[in-house]
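Protein chains in written order, with the numbering used here: chain X, 14 to 386; chain E, 5 to 331.
Think of the hints as simulated: they come from the structure by calculation, not from any bench. By construction, the Cβ of each residue, glycine as well, lies at the ideal position given by its N, Cα and C atoms. Treat the hints loosely; a few may be bogus.
[Claimed, not checked] Computed beta-carbon distance windows for the label pairs: (1) X/Arg262 - E/Gln147: 45 to 51 Å; (2) X/Leu306 - E/Ala328: 47 to 53 Å; (3) X/Phe36 - E/Asn142: 16 to 22 Å; (4) X/Phe36 - E/Gln147: 15 to 21 Å; (5) X/Phe41 - E/Glu165: 55 to 61 Å; (6) E/Pro50 - X/Phe36: 43 to 49 Å; (7) E/Asp79 - X/Leu370: 42 to 48 Å.
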Amino acid sequence: MRNLFRGFGAVFYKEVLHVRRDFGTLFFSLIIPLLQMVLLGFGIDTNIRQINTIVYNADGRRESRELIDRLRNSDTFHVIRYVDNDQDLNDAIIAGRARVGVKIPVDYSDRLLHQMTAQVLVLIDGSDSSVAGQAVNVTTSIGLDESLRRVLPDRSAFAVDMRPKLLFNPDSRSPNFFLPGLTAILLLNVTTFLTAFSIVREKERGTLEQLFVTPVRPFGLLLGKLLPYLAIGFFELSLILTFMRFVFRVPMHGSVILLAILSLPYLFVSLSLGILISSKANTHAQAMQLAFLTILPSVFFSGYIFPRETMPSFFYALSYLVPATYFINITRGVILRGAGISHLWTDGLALFIMGTLLLILAARRFQKKVIMA
Amino acid sequence: MSTAQQNAAVPAISAEHLVRRFGKFTAVNDVSFRVEQGEIFGFLGPNGSGKTTVIKLLTGLLPLTSGSAQVEGLDVRTDSESVRERVGYMSQNFSLYDDLTVGENLQFYGRIYSLEPARLKRRIDEIIALNNLGPYFNRLAAQLSGGWKQRLALGCAMLHEPQLLFLDEPTAGIDPVARRQLWDLLFELSGHGITFFVTTHYMDEAERCNHVAYIHFGKIIADGTPNSLRELPEVQPHGTLRVEITTPEVTRALRFARHIPGIRSATIFGQSIHALIDDHFDLHELREELLKNGIAVAEVRPLAPSLEDVFVELTNRHQAMLEAGSA
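Let's have the full structure, built from the sequences with the hints guiding it.
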């Protein structure tokens, strides 16, 4: 055992010196994720509100104006302009000035008065699926509500009363949804890049070749490189969590200690990934490309932005191979849902297994193609 | 048997029929040689001839395709780890950590070899004294000039007191004074019984080795002491004589000399021409012949072949043989 990890202490000592010497790089690699977090945390609102809406009210009487008021009061629509012909209505949507166009026909009030069905045309720009979906839902439910109000003036007579209750994020705050996921991406970013670069740098300088002529064993070398960056990743996690809690006021419903413990296998995976990348890449530029290759799937297939449940089955299966998938479940679980170890141990275990496999693979690659002649 | 006796009996390196192929390319082709304890062994050859590959084979970095090698009595195929424990290696680019100080670089390599703290401290002091690195102890390696980097790299490679050191082009890109100092140091250390395996391009360095081998296209085409190589029959064929012709007009003289019957080959060396002539060709006759053609000749005198002559001659022969073989 002692022999398998030969050189660990020496490499660890040296790596700590590197980090200390190159404090600038470290500082930036810690600060930039925080900047990203501030940018995304303040800048992105996943709730769809105030959609630009254009209205062509051909009727103009009281009923029609009431309907428009109800649209406006929903907070979903923001009426930017009134027009008086179909052409202008269409043009505004094609030009992208408005996402939604509402046309109330000239006989709207008349038909309501005569107990007939009054039609309202709602044109929705389908080029952004989430905006369109929200517009469809809200207009449909306003229509339904309006109809019910006319048929059943007394609302208590409803046969079925659905009472949706939003758990964990009752105000549907975006940072609550967004930042726990972002944590996973940022950590992956920092640690993968730092480890990959630290080894590629040795390749570029030729020191790696020198190391292989010493009794250092691959595992000793890799662990010696891994641990300092594990500590940095851990420190970064604390910074992110502090920001999340005190700047963005994201509540912490579970145990911070548990989150810290479960982040270890995730950091282990991303560090091993960095090492694997460096076994393939010979230059900084190559390492950069490969690192991006791992980061994009983590953004798109982990459920960080797009729900995994709506993915085609192939990609859904693929998402199980993305480490961030598990860690996002862990962060959202602990932070928002107050989940405990009994809910999350499988995710932790999955990450640990992935990390071990990746590290073994990386060590083998190192041992095998140590150096080309 | 004591260790000292054992060391005296066991050669530092014994390589038998080393072969290393990369796919279809044979980088090292049936290479055998033996390096005795305490020798300075110069391993020469053009770029890409397989020098570095041989070092990698001997340190167990690359597995052998076939053949066998013992380093300090240990089989590199089965015991490469113990081999790496006992040898030192300094690569072409003085693989140091630029952002670490001189002291930290030494500390790091000492820890790699798991030296006890007390021994590490003693060794660092010794290395610093030996290489006069004292004033630079707290300086970053990046700030050292080429010659000092090379001393530090050598220091790192011998921190664990290896009996055998591989130096891969230790003097590439450093100034002549530093080059001379390094060689003085190597002689001093070899006097203490340390064996050096040195690759180099410089012929003057080759002349200073106790033992040289020349590798060309993965094959060793010369192996022996510099003096024994000079006397090789291929270099100095029976019935020939090597002469030096000093003249101010070397290029014109060379063009002309190549047409004189009795001159077998001729090459320019600075302000003179080295020629291989038939030994019945009188030196005075040769001088007259050149003067008659309007070439001012200062002197014609017999010459012992330099190692460069030896290698040029052997390379040409080997080249011709390879071409004949492939044709």
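Outcome of the hint check:
The hinted window of 45 to 51 Å between X/Arg262 and E/Gln147 holds, with their beta carbons roughly 49 Å apart. Here the CB-CB span from X/Leu306 to E/Ala328 is close to 51 Å, well matched to the stated 47 to 53 Å. Judged by the Cβ atoms, the range 16 to 22 Å given for X/Phe36 and E/Asn142 holds: they are separated by roughly 18 Å. For X/Phe36 and E/Gln147, the hinted distance range of 15 to 21 Å is satisfied, since their beta carbons lie about 18 Å from each other.
A beta carbon spacing of about 42 Å between X/Phe41 and E/Glu165 contradicts the range 55 to 61 Å that was offered as a hint. Taken as a hint, the range 43 to 49 Å holds for the pair E/Pro50 and X/Phe36, whose Cβ atoms sit roughly 45 Å apart. For the pair E/Asp79 and X/Leu370, the beta carbons lie near 33 Å from each other, so the given range of 42 to 48 Å is not met.
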